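Make one complex out of these two single chains by using the hints.
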Amino acid sequence: EAQVTQNPRYLITVTGKKLTVTCSQNMNHEYMSWYRQDPGLGLRQIYYSMNVEVTDKGDVPEGYKVSRKEKRNFPLILESPSPNQTSLYFCASSTQPNYGYTFGSGTRLTVV
Amino acid sequence: AQSVTQLDSHVSVSEGTPVLLRCNYSSSYSPSLFWYVQHPNKGLQLLLKYTSAATLVKGINGFEAEFKKSETSFHLTKPSAHMSDAAEYFCVVTLNTGFQKLVFGTGTRLLVSP
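In order, the protein sequence lines correspond to chains A and B.
Numbering-wise (my numbering), the first sequence opens with residue 1 and increments by one.
Numbering-wise (my numbering), the second sequence opens with residue 1 and increments by one.
This is chain B alone, in the form it adopts within the complex (with noise of 0.2 Å):
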């Protein structure tokens, strides 16, 4: 059965600053992997995936995630956070397999000081 785990529940930055949120994943077939980012009393907004192409996946808002399947990873950056880039944050893992369906991480809370 394929998971996911976020490795932090709080990430603190200034702004200016990179920003790294870390996932990591279990999945027994070839996933595909997205981050979703939810602003406070918000949807979710999709911001970036990866389905089996390029490794490294660049996203809306400056965002990038880098697919490394020997460490079973897919950590989220930014080389310079942004106040509006406060929000909490999704790893999603889904099995190219049959319905596909959705496991979410418990989320980051990224706050960014000024």
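Okay, chain A solo, but in the shape it has when bound (with noise of 0.2 Å):
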């Protein structure tokens, strides 16, 4: 099944320690992004990606770090966590924006 794969659904961490959310697709998409998803705000984009080494920030990148390696992954790294970073994430990945992106099923995070 083509799907893009977000771990964990669920995480709740304490401020300052380091946390990794992984996103996979299996679909051989070149193109990857990150979005925070907070209330009356819509979806913000993080940082995204067109291909394999190719990253840039999108509208809210500070605190938040990304790789891509390998074509299929797309980590999102809070290397110091703060509350303010307390939301609800997304990993999406397309062959060709203009045709739509299939969106993972969401990480919620809590940082206290």
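There may be inaccurate statements among the hints.
What the hints assert, rightly or not - Straight-line distance between alpha carbons at most 30 Å, and here's what the computed DSBU-like set of lysine-lysine pairs gives:
hint, chain 1, residue 1, chain 2, residue 2
1, A, Lys18, B, Lys101
2, A, Lys57, A, Lys18
3, B, Lys42, A, Lys69
4, A, Lys57, B, Lys58
5, A, Lys69, B, Lys101
6, B, Lys101, B, Lys42
What the hints assert, rightly or not - Here are a few chain B residues that sit away from chain A, every Cβ distance over 12 Å (derived from the structure):
hint, residue
7, Ser12
8, Thr17
9, Arg22
10, Ser30
11, Thr55
12, Asn61
13, Gly62
14, Pro79
15, His82
As the list claims (entries may be wrong) - Just the calculated beta-carbon pair ranges, DEER-fashion:
hint, chain 1, residue 1, chain 2, residue 2, range
16, A, Val14, B, Leu111, 21 to 31 Å
17, B, Glu15, A, Ile77, 38 to 48 Å
18, A, Leu41, B, Thr17, 41 to 51 Å
19, A, Glu70, B, His82, 34 to 44 Å
20, B, Ser84, A, Ala2, 16 to 26 Å
21, A, Glu70, B, Lys69, 33 to 43 Å
22, B, Leu111, A, Leu41, 15 to 25 Å
It should be emphasised that the hints constitute simulated quantities derived from the structure, not laboratory data.
Predicted model only: the values in this text are computed from it and were never measured.
We treat Cβ as the ideally placed atom computed from N, Cα and C, and that holds for glycine.
And the structure:
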């Protein structure tokens, strides 16, 4: 089944403890993105990647890192999480963005 | 720069009545437009997309949307609401140049009563 898989689905962590949210797609897509969803703000792009080793900042990159060493994987790294990064995170991939994206099921992160 | 405005944060309808979710966009270039649906505790699912072909676009689950360039609108409609349509709906615009970044509206929550 074609899909984007995120792990974990739920995560509670403490301020300052490094964490990684994994994202993997099995559709051989070039384009991948990370978004965060907050009430009343819709989805905002954190980082995106156009292919292996090609990444760039989105609208809200502060406090996040990404890497794209393989085409299928696009992990999101929070080196020192803070409470304002409590949010619902989505990974998405596409072969061509104007065809539409396939989204993962989301990761709900709480930083206390 | 492109932007999207969803004119209603909440829309309430009765089952069996028409649905209208409004979306206006702003884009300097020829846009691609999408509607996504998000059911509670689920990811986003693509409902339909406009990419400069036919202006009336049909999607899944009986939804359709009409691209009106003169009005810069891309409203989502469905003739008859079903209880399972209750969800949050996002209008999305992207440029057809460069990375083709997605810009999301803030969402419209559709409530369907029996």
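Which hints from the list above does the structure break, by number from lowest to highest?
4, 10, 16 and 18
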